[in-house]
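Asks: Take a look at the letters that make up each chain.
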Amino acid sequence: MNEKTKFMLKQIAFYTFVFTVVAWIVVPLIVVALYAFSSKLDYYDPSKIIPFHYTKQWVYTLLFTLRALDAIKNSIIVAVLTIIISFALGIPAGYAIAKFIFPAKDTIKLSIVALRMFPIPVMAIPLVVLYIRLNLIDTLLGVALAHTAMALPFVVLITSSIFAGVSTELEEAAMVFGLTRLGAFLRITLPLALPGLAAAAMFTFVMSWNEVFVASVLTLQHRTLPAQILSIMAGASGGAAPDYYKFAAAFIMMLPAMLFIFFARKYLITMWGITLK
Amino acid sequence: MVEVRLENLKKYFDKGRVKAVDGINLTIKDGEFLVLLGPSGCGKTTTLRMISGLEVPTAGKIWFEDRDVTYLPPKDRNISMVFQSYAVWPHMKVYDNIAFPLRIKKYPEEEIRKKVKWVAELLQIEELLDRYPAQLSGGQRQRVAVARAIVVEPDVLLMDEPLSNLDAKLRVMMRAEIKKLQAQLKVTTIYVTHDQVEAMTMGDRIAVMRQGKVLQVGPPVEVYSKPNSIFVATFIGAPEMNIMDVTVKETEKGIVLEGEGFEISLPQDLGELLRDYINKTVVFGIRPEHMTVEGISEFLHVKRKAKIKGVVDFVEALGTDTIIHARVGSKIIKVKIPGHVPVELKKEISIIIDLDNIHVFDKSTEKAII
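Protein chains in written order, with my numbering: chain X, 10 to 286; chain D, 798 to 1167.
Just so you know, these hints were derived from the structure itself, not from any lab. Check before you lean on any hint, since a few could be wrong.
What the hints assert, rightly or not - Here are the in silico distance ranges between beta carbons for each label pair: (1) X:Phe26 with D:Asp1118: 47 to 53 Å; (2) X:Ala105 with D:Asp865: 28 to 34 Å; (3) D:Glu1113 with X:Phe26: 33 to 39 Å; (4) X:Thr177 with D:Leu869: 19 to 25 Å; (5) D:Thr1117 with X:Gly192: 47 to 53 Å; (6) D:Glu974 with X:Lys118: 17 to 23 Å; (7) D:Leu1115 with X:Lys118: 51 to 57 Å; (8) X:Ala105 with D:Lys1128: 51 to 57 Å; (9) D:Gly838 with X:Thr177: 53 to 59 Å; (10) X:Arg190 with D:Asp865: 17 to 23 Å; (11) X:Pro135 with D:Gly838: 49 to 55 Å; (12) D:Lys1010 with X:Thr189: 30 to 36 Å; (13) X:Leu195 with D:Lys914: 26 to 32 Å; (14) D:Arg814 with X:Ala105: 22 to 28 Å.
Said to hold, decoys possible - Stretch-level coverage of chain D by chain X, calculated; a stretch enters the list once three of its residues show a Cβ under 8 Å from a Cβ in chain X: (15) 870-879; (16) 886-898.
For each residue, glycine too, the CB sits at the ideal point set by N, CA and C.
Can you make the complete structure from the sequences, with help from the hints?
Replies: What follows is the structure, given as structure tokens:
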């Protein structure tokens, strides 16, 4: 075997691998999108793998009759609230862990991670009782607070590693040249950390968008999308939903998240047109 | 421009267990270029950071003229700093990097433009102003960092090993440029380095530090020719000074230094300085460039000489110099001879020592006697 064939084989192996990975993610998405709009007859016709007749009926019913649109709004509100609260709390903590040396730093870091090991179902009932007492039950703020509790450990750890990646000398230079510590943070460290922080925000958004257990337990009228879909699918409106509804629901769930990530990603890459280091 | 005065400055870390800076007294004159020189971990950078205000001293005072700045935040000291990593902000173009300190000080945009233009010409970076730091080479980034530091016309300019990340050729070039720039601007400059060549070539005065203390302060030539301790003697100069234990003996020839495999009889004036050390062990030091080899090279202007025998062990031919490693007793003595000279290995040679350039140190205190 000469060098050229070896090279070609390597190329083929590489692209096969890439194709497999991409297909792994993309094929289910395509299947979901196709069946979400498939007509009832085409869906149940065993001779057709790809449906020919399409309808918007299932998606429309879900969005409007079964109030999935309101649930999407709720989900966005909850996700944004979660990002705001968890960043307001997590950024200072992450910064402190990245830049300062203080007693019991490792213990604190470990206990932050350990917090995530706590099984949420165990505290579901106490949480509901607490929320009823605090008048937070069935409110979006309540769900956002619960999601914050789940997202915060990651936000703290992710932001601390982002801040650790921004050289302290850059900040010190700003202080030498006339800024206070806070000013240096706001005008030097924060802009430099922005791409990383945006990634952390996306992570938080997706976590909140996908979270179904806590949202289902804590809300009744003001459900987030996964909770609303779950109750529809489980047959809250009488009997389990047909399969094409499930595909339509899956489509509704994944579309906003995918659009969000798609635009955020573009924004991230073009932020300064250059990489940081 | 100001005079900087450090008064018994101390910085302890880890509840006093680590004494990074341990009582420094130093005055840096108005417009002077002072180099803080020492091995890593000697406290030179910590000293610089205390002068900048990035670090708060454990004890002691820092004065800019008659202004006590010890606890002043960095922004209120009117200082500039060039960092080891340059610390050029990557999210701003070169122009904005340089203009940033002026903008904070609320200069009008028109004046900022003038000043940036002036400093960019000075450092020959006019064509880089529109680029991002990521598009610059290390040397160019270095220039931007220097430009940013001098554009504000600071009272004190601090430099923390600014050349250590450059390649050797660029370093030599920037060395000369920074020195010239400083002489032109007459700004009080404190420059930290571990590179003794940098210190020798750039400093008006050098302060040699070790373990948080300043061992010796003086002009480069003085620190080189009259080191006050074994540490300073061996830290400055390359190849480093030959150091060996000898015993002071009084014989009919006068005072002699008796070492392993050699004996050096001293002229009377030098001998008298060692009278208190008779029959005691002292440390003898001689720089490689203050010796030569009989029959190969001659000293032209040396009046008082001594001769010792050695065997050639190894030869470093550098082109400009030849460094002969000669075995004397069980010790290796390095002799530096200008130019390229052919030397045979294993050959017995006579090493001639320039007695006016010898050093003798107390064995226990490590302080210089001669």
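Asks: Against each hint, give a clear statement of whether it holds in the structure.
Replies: Hint check:
A hinted range of 47 to 53 Å for the beta carbons of Phe26 (chain X) and Asp1118 (chain D) is inconsistent with their spacing of about 58 Å. Between Ala105 (chain X) and Asp865 (chain D) the CB atoms are about 31 Å apart, so this pair conforms to the stated range of 28 to 34 Å. Separated by about 54 Å at the C-beta atoms, Glu1113 (chain D) and Phe26 (chain X) break the suggested range of 33 to 39 Å. About 20 Å separates the C-beta atoms of Thr177 (chain X) and Leu869 (chain D), a value consistent with the hinted range of 19 to 25 Å.
Taking the beta carbon of each, Thr1117 (chain D) and Gly192 (chain X) are about 52 Å apart, inside 47 to 53 Å as hinted. Between Glu974 (chain D) and Lys118 (chain X) the Cβ separation comes to about 46 Å, which falls outside the hinted range of 17 to 23 Å. For Leu1115 (chain D) paired with Lys118 (chain X), a C-beta distance near 53 Å keeps the hint of 51 to 57 Å intact. A beta carbon spacing of about 55 Å between Ala105 (chain X) and Lys1128 (chain D) agrees with the range 51 to 57 Å that was offered as a hint.
Evaluation of the 53 to 59 Å hint for Gly838 (chain D) and Thr177 (chain X) yields a failure: the beta carbon distance comes to about 19 Å. The hinted range of 17 to 23 Å is satisfied by Arg190 (chain X) and Asp865 (chain D), whose Cβ atoms lie roughly 21 Å apart. One distance hint, 49 to 55 Å for the beta-carbon pair Pro135 (chain X) and Gly838 (chain D), holds here, with the actual separation near 54 Å. Between Lys1010 (chain D) and Thr189 (chain X) the CB atoms are about 33 Å apart, so this pair conforms to the stated range of 30 to 36 Å.
Separated by about 29 Å at the C-beta atoms, Leu195 (chain X) and Lys914 (chain D) satisfy the suggested range of 26 to 32 Å. Checked against the given bound of 22 to 28 Å, the beta carbons of Arg814 (chain D) and Ala105 (chain X), roughly 23 Å apart, stay inside it. Coverage of the stretch 870-879 of chain D by chain X holds in this model, with 6 residues showing a Cβ closer than 8 Å to a Cβ of that chain against a need of three. Coverage of the stretch 886-898 of chain D by chain X holds [criterion: at least 3 residues with CB-CB distance below 8 Å; count 5].
Against the hints set out earlier in the document, violations occur for numbers 1, 3, 6 and 9.
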